[in-house]
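Number of protein chains: 2
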Amino acid sequence: CAAGDKTPGCSAYLSKRGNSIRQHQGILQEGYTQYHADRHHDTDNPDGIINMGTSENKLCYDLLHKRLTQPDMLDIDPSLLQYPDWKGHKFLREEVASFLSHYCASQNPLKADNVVVMNGCGSIFSSIAAVICDPQDAILIPTPFYGVITEDVHLYSEVKLFHVPLDCEVTIKPNLLAKLMVSLALKGLIIRAVILVNPHNPLAEIYTPKEMIAFLEFAKRHELHAIVDEVYMLTVFDESATFHSVLSMDSLPDPQRTHVMWGISKDFAMAGLRVGILYTENRDLVEALDQLGSFHGVPGPTQHQVARLLQDRDWVNEFLPENRRRLKTAHNYLTGELQSMGVPYLHRPAAFYVWADLRKYLREPSFAEELSLWRRFLRHKVVVSCGQAFSCSTPGWFRIVFTDQQQHLQLGQFRVCTVTPLGTRPSDESKKSVKEDGADPDNAVIVNSTLSPQSKSSEQLKEKDSPVPDTTPPASEEFELLDCEASKPTESLSSLIGVLRNQIHSSDWLEKNTPELSAGEDPEILDVFKDLLQRAKK
Amino acid sequence: CAAGDKTPGCSAYLSKRGNSIRQHQGILQEGYTQYHADRHHDTDNPDGIINMGTSENKLCYDLLHKRLTQPDMLDIDPSLLQYPDWKGHKFLREEVASFLSHYCASQNPLKADNVVVMNGCGSIFSSIAAVICDPQDAILIPTPFYGVITEDVHLYSEVKLFHVPLDCEVTIKPNLLAKLMVSLALKGLIIRAVILVNPHNPLAEIYTPKEMIAFLEFAKRHELHAIVDEVYMLTVFDESATFHSVLSMDSLPDPQRTHVMWGISKDFAMAGLRVGILYTENRDLVEALDQLGSFHGVPGPTQHQVARLLQDRDWVNEFLPENRRRLKTAHNYLTGELQSMGVPYLHRPAAFYVWADLRKYLREPSFAEELSLWRRFLRHKVVVSCGQAFSCSTPGWFRIVFTDQQQHLQLGQFRVCTVTPLGTRPSDESKKSVKEDGADPDNAVIVNSTLSPQSKSSEQLKEKDSPVPDTTPPASEEFELLDCEASKPTESLSSLIGVLRNQIHSSDWLEKNTPELSAGEDPEILDVFKDLLQRAKK
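Chain order of the listed sequences is A and L.
So the first sequence is residues 1 to 538, counted in the UniProt record's numbering.
So the second sequence is residues 1 to 538, counted in the UniProt record's numbering.
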């Protein structure tokens, strides 16, 4: 849309940029908007939407309510009602530094001056993108990834994400990096940074220190900022697994370009409190972010409350284990249900979600079909997140959030199961556990409605080669995918799970492959690469 | 700075945009930063900086503290800890609509759907600029104006303010508007909107409904969005004055392009709570702002608290009159002191500041000298705001905030008085009330140290034609003025106060002059104008 454009859907009141912002629709947003208009409530709106899409922890409100209503939370010093230090009140930055020093097991005490507080990690992504990138520059991100980062760096800051697929075969070819750099040169893209989310979103994978170092070394070699998002650091609910923060490392490869994000949305189950944290030793970055701080300010009383929480180690040391216990129980419940449905999934010991393979419910392996399945879930009043929202290269994967009361999970799971597996023909063997439900506009049938823990191999419900045509989708199903780099489905993969597991651990391919580039075995590629570096420095 | 630039002051870690953001220094910011590093406190830091620069109301903490610590403030519903509707929780938007319907005396009830809540009015300026303008477009603003708006629309959104001087002679020449449009065409500027702050900042002037209508009609004629900032609407402390909100008008000239801003920073004396409000009937704008809402979210518990406050009409109806009473007392005190010093000022019945004429303390009528005086104040631990921060066209005017405890005003005023009036020669008549203070590095002398309410005409301390040379200023006094359109000092004005008062009331010159443009008396100008409109529509 240009300004004054009369095209339907274009607003004459908005600029070209404004129209673009208005029309920007992340895939997750549609479900989120519908959810907010029709939220499930046990008594007031029992038919409302169950949200298993948004990554929120709804398991600990009792603990939080009890603590947040203590009298110390209401202490209102006059300075809290005045304009603040836009990097965050010093008392809060000190508490954050002390808290992270302890819980990240840093070698030396972290410093309050290196802490920046903003209203959420989205704001931190947006403001970092604005100050380390120029418009149209790009940031590398491994896929699949938490898709909202696309909007975080783009809406205000006009920075693109360049997707590096870690979940498909091409990533492990030896000269990928060189090819990547050539393709970037052709596109005229300047890469400024690379983002890593650990524990991973949506895979819930935890990177090993070795993998993380390889990643940071790669960033250093290319003079890229490394933005490490550790918002799920304290959600590891299996004692056999250990999370290692970048802040615990003896020495960072490139400390001036290494920036760690954290927040209370996930680890303290309070996404609605809007508090995100950046830790960086780079003074220039802190100063630049300070300038943008007034757009991302956190209320003084909220800063006080968060400082009180972090300071109250007795409470924290009760809350965190209890939270992890509840996470584990909920995870067990959901994964048990998935197993009983014969749905393969990644079994991981962290975060609020599982990455599940619903390919057997697709009529054909396409993203349009994945979206259609996602919409069918939504019409049945359950929101989950489909793989394309994370730029997954293979259609049919979904992120399912398990951090809700069991009766909600149960209801959500029931609704998921009422959605027709349209790829399943009436004649096939899965029909044995399927009941027709003629009243449903989608010709829905109930699969496995008892949710009994029966063992069923994924083969039983696998894709059929002759799908039943869908009923005509309503016009509202038109949907445009934005900012989603087209990735090739990798049909040749025998098992995506195995590949995902292997390849997520193969992120040191960057390290392995770079020397051959640096050694200049292919002079042409090296030239392009050098040219790119030059450009980046301009 | 370009990326990788080795120039001193340029950061190799930041992009060109990032360096520009980092180096962007509003004039008020320097004082604000120093203030935050060295705040005055009666007992802990009695030698710290007194802040008479930041427009905060520090007179009502007792009332606010009492209300904010009531148990109803701590009610934490689980939904408050979850991701919100990014336009603001519906319960808050409903309270805001109801509150503004009453206090703005709207003809019909205002609607919750037209309300957008963000973390402060700076965020609202930033996000509106992003969606109604493209980068490098401009917004008109009458000068002098609250200078921070420059950063609000520029840092993220790269929108320029185009200054329309209301305080200098050129504005009332008949064909100014035509000239303005020609100059904009030459500069390639596209104007999208016009901003009006009412009550005015820094003049504290209240626009009459007739003036406001003239302004809105002007905006309509040129298809400009009219952004009306009414954040001081409830601070009118003189009963003889009446504020008329745009929301009270029977019918707006162009309702789809009229957007009203409000917040609790000023009217409820809680700048630190970070709550700004937009009221607009334009759905496209609301939808576009919703997309940017995640960068400007307000914590759920804060939204609850604000809703409770606005809902508690008994408390509001006690708070507002008491606040106005205190504002009036503080205003009386400060203006009495100014009168006793023979400092001319605009006597206005609203807001937190007075606009004072300190030209007699300048050695020469230049902005460099104004800045030097401002720095001298800062070295004597008092922050005020100098006129150039508001793009005032005449050097020597300062905005002085009076909304602080009397002992702080007294101390601030004392410190102001310890600064040498360097333009005053030892031989002149004002020396009668001056004591030398040799110990002061600035050769400071105390003017009128008793602060007695003696009557002294402004003539007594007027500028001298042969100023005493300053001591060599420290290197730190180097300062670059950014985003400040160069305005010509208007030496010919006999009395700036009179002109300001007259001209602020002459804003209907826009209306008067436009017909002659529309009538096309000057075909060349009309062509340029048409061309501009065409461009704007592209």
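None of these hints come from the bench; they were simulated from the model.
Keep in mind that a hint or two might mislead.
In this list, chains with the same sequence are indistinguishable; a pair is considered to hold if it fits within one copy or across any two.
Heads up, simulated PhoX-like pairs for lysine-lysine below, C-alpha to C-alpha not over 25 Å straight-line [to be verified]:
1) K16 - K187
2) K111 - K90
3) K58 - K381
4) K90 - K328
5) K210 - K66
6) K220 - K16
7) K90 - K381
8) K220 - K90
9) K16 - K160
10) K187 - K160
11) K111 - K58
12) K220 - K187
13) K111 - K220
Status of each hint after checking the structure:
1. K16 - K187: both (23 Å within a copy, 20 Å between copies)
2. K111 - K90: within (11 Å within a copy, 39 Å between copies)
3. K58 - K381: within (18 Å within a copy, 50 Å between copies)
4. K90 - K328: Neither: 36 Å inside a chain and 34 Å across chains, both beyond 25 Å.
5. K210 - K66: Answer is neither: 40 Å inside a copy and 54 Å across each miss the 25 Å cutoff.
6. K220 - K16: between (37 Å within a copy, 20 Å between copies)
7. K90 - K381: For K90 and K381, only the inter-copy Cα distance (21 Å) is at most 25 Å; the intra-copy one is 44 Å.
8. K220 - K90: So K220 and K90 fail the 25 Å test inside a copy (31 Å) and across (46 Å) alike.
9. K16 - K160: both (18 Å within a copy, 17 Å between copies)
10. K187 - K160: within (12 Å within a copy, 30 Å between copies)
11. K111 - K58: Intra 32 Å, inter 31 Å, cutoff 25 Å: neither.
12. K220 - K187: This pair counts as within: shortest intra-copy Cα distance 23 Å, inter-copy 43 Å.
13. K111 - K220: within (23 Å within a copy, 53 Å between copies)
Of the numbered hints given earlier, the model fails hints 4, 5, 8, 11; all others are met.
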